[in-house]
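> When you get a sec, could you build the whole thing from the sequences and use the hints?
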Amino acid sequence: DTAVSQTPKYLVTQMGNDKSIKCEQNLGHDTMYWYKQDSKKFLKIMFSYNNKELIINETVPNRFSPKSPDKAHLNLHINSLELGDSAVYFCASSQGFQPQHFGDGTRLSIL
Amino acid sequence: GENVEQHPSTLSVQEGDSAVIKCTYSDSASNYFPWYKQELGKGPQLIIDIRSNVGEKKDQRIAVTLNKTAKHFSLHITETQPEDSAVYFCAASFAGGGADGLTFGKGTHLIIQP
Chain C
1 DTAVSQTPKY
11 LVTQMGNDKS
21 IKCEQNLGHD
31 TMYWYKQDSK
41 KFLKIMFSYN
51 NKELIINETV
61 PNRFSPKSPD
71 KAHLNLHINS
81 LELGDSAVYF
91 CASSQGFQPQ
101 HFGDGTRLSI
111 L
Chain Y
1001 GENVEQHPST
1011 LSVQEGDSAV
1021 IKCTYSDSAS
1031 NYFPWYKQEL
1041 GKGPQLIIDI
1051 RSNVGEKKDQ
1061 RIAVTLNKTA
1071 KHFSLHITET
1081 QPEDSAVYFC
1091 AASFAGGGAD
1101 GLTFGKGTHL
1111 IIQP
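Just so you know, the sequences run in chain order C and Y. For the first sequence, position 93 matches number 93 in the numbering used here, and the numbering has no gaps at all. Count along the second sequence from 1, then add 1000; that gives the number in the numbering used here.
Hints may contain errors.
Stated by the list, open to error - The list that follows gives simulated cross-link-like pairs (lysine-lysine, DSS-like), each with its CA atoms no further than 30 Å apart:
1. Y:Lys1022 <-> C:Lys41
2. Y:Lys1037 <-> C:Lys44
3. C:Lys9 <-> Y:Lys1071
4. C:Lys44 <-> Y:Lys1042
5. Y:Lys1022 <-> C:Lys40
6. Y:Lys1106 <-> C:Lys9
7. Y:Lys1071 <-> C:Lys41
Please keep in mind that the hints were generated in silico from the structure rather than gathered at the bench.
This is the structure:
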């Protein structure tokens, strides 16, 4: 069983569209995260949620809206997609002082 | 906020030799330092981590050292094998048990030459 799973794996869309990425973890963790990896492989935290509550929002444009329906799921909705949003988006989860586990990423390409 | 510098950006070693990747961090409050390995098309996978109350940790061919005073930590891989080829990331955070995000270095592309 995959511990942290993201869907879709690939997402190709036009500029200006709205899209969502879904993340689910089956590890029973309380905390979930979204990271963005740019074309130079730089990984940067976007959001973290603890027990469905937003904890970190790292100067991300408000076109990005995370939603956590329950502590096993953290979805990312992006409005009015821009060329600069092209990246790989990673979901991760952790519990307390334990390490973060990452999904395999969603590769978003904006045409 | 925290800033993590990682060197080198690319490291090429002969199979069987050792590889060392170095990182420095800026925030003295950081107390948790994981290392991740990322293979092509995959997410980062934790390979080893160290907390600030420990100076060194070893797991088979992989070891990490931490110098809190100098604010730097290093990854050592001995007897390198072809499957060690990947991008390696160091990271730092304040692991207070909450939802602290990791601050990553920019990665090292490790190439193992046969």
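> Tell me, which hint numbers fail for this structure?
3
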